[in-house]
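Q: Sequence:
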Amino acid sequence: MGESDTPSEGLLLRPGGGPLRESIWPSSPPTVLVVDRDRVAAEHLARTLDKYGSAVVVRSTLDEVWQERTSDFDLVFLETALVGDQGAEVIARLRRGGHTGGVCFTGPPDRRTAATARVDGADDYVSKPFSRTEVVTHAIALMRRLGGRDTDTSVPGTWPVIAARLARARAEVDVALSRSQRRLLSLLTQRRGGVVSREELAALALENPRISPSAAYKHVSRLRRTLRRFGLTVSAKSGCGYYLALRD
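Each residue of the sequence shown is one higher than the one before, starting from 13 at the first, in the working numbering.
Please keep in mind that the hints were generated in silico from the structure rather than gathered at the bench. Each residue gets a CB set at the ideal place from its N, CA and C atoms; glycine is no exception. Don't take every hint at face value.
[Unchecked claim] Subject to a maximum C-alpha distance of 16 Å in a straight line, what follows is the list of computed EDC-like cross-link-like pairs (lysine to aspartate or glutamate):
| # | residue 1 | residue 2 |
| --- | --- | --- |
| 1 | Lys140 | Glu211 |
| 2 | Lys63 | Asp50 |
| 3 | Lys63 | Glu184 |
[As the list claims (entries may be wrong)] Computed Cβ-Cβ distance ranges for the label pairs, DEER-style:
| # | residue 1 | residue 2 | range |
| --- | --- | --- | --- |
| 4 | Gln79 | Thr145 | 24 to 34 Å |
| 5 | Trp78 | Ala176 | 27 to 37 Å |
| 6 | Ala176 | Gly206 | 12 to 22 Å |
| 7 | Arg259 | Gly96 | 41 to 51 Å |
Take these sequences, add in the hints, and give me the full structure.
A: Below, the structure is given as structure tokens:
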């Protein structure tokens with residue numbers, strides 16, 4: 013698929029802070045997992061997406077991917093060389109792990125490789141070396157195809173259980189958390205299971221509207237690690253933000 017095939021053709025892709033970079037996405041900027049053996053290529057892709065508001069995590073092996081909560085990511089960019097002839101199996105495992113977002117394979121500018129990626133179940137294919145415009149337009153197109161998502165995460169009867177566990181764990185949790193993480197937990201608690209957007213998280217909980225999405229994601233990850241032993245977690249709502257939930 014070339015740039016002219018994407019629904020994003022003609023967009024003015026101008027990075028920077030504030031609403032302009034956010035408005036190119038159909039909802040909130042996606043959280044992205046980039047998996048590539050070539051660290052230079054992966055970091056280039058990550059920097060490009062970060063400029064447009066995305067929180068990006070970079071990994072270099074499939075073993076590292078399976079250690080992630082793949083349900084946290086709206087988009088996964090995955091190098092075909094890492095997948096080999098197991099593309100369909102890798103995508104099936106991503107789906108079993110809860111990943112409901114887009115999967116975009118990356119690799120050489122070869123039509124056969126691109127076609128194989130789609131047969132395996134990939135939602136898209138981007139050729140290397142990466143063009144900034146191509147990467148962003150493909151990501152926008154994928155998010156548009158995935159469609160909007162509501163922010164209602166409430167499950168009847170769930171919040172009282174979450175609140176009770178929080179109350180029992182409060183003293184120990186407060187000691188373990190930094191000031192920023194305590195503010196984040198307070199904001200999540202106020203929502204009673206509702207979603208806190210990444211923008212709200214940065215502006216209110218972390219008191220820094222200019223904090224990078226990747227830095228915000230790290231705060232969420234640390235809070236999640238603290239809460240897990242109390243049977244709680246911070247779950248991601250694809251394309252929206254984060255909410256408190258019971259840990260499976």
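Q: Does each hint fit the structure? Answer for all of them.
A: Consistency of the hints with the structure:
Under the criterion of a C-alpha separation no larger than 16 Å, the hint pairing Lys140 with Glu211 is inconsistent with the structure, at around 31 Å. For the proposed pair Lys63 and Asp50, the alpha carbon gap of about 20 Å is over 16 Å, so the pair is violated. Between Lys63 and Glu184 the alpha-carbon distance is near 37 Å, which puts this suggested pair outside the 16 Å criterion. Gln79 and Thr145 have their C-beta atoms about 32 Å apart, which keeps the hinted 24 to 34 Å range intact.
Roughly 32 Å separates the CB atoms of Trp78 and Ala176, a value that falls within the hinted 27 to 37 Å. Separated by about 18 Å at the C-beta atoms, Ala176 and Gly206 satisfy the suggested range of 12 to 22 Å. Between Arg259 and Gly96, the C-beta spacing of about 34 Å breaks the proposed range 41 to 51 Å.
Hints 1, 2, 3 and 7, counting from the list given before, are not met by this structure.
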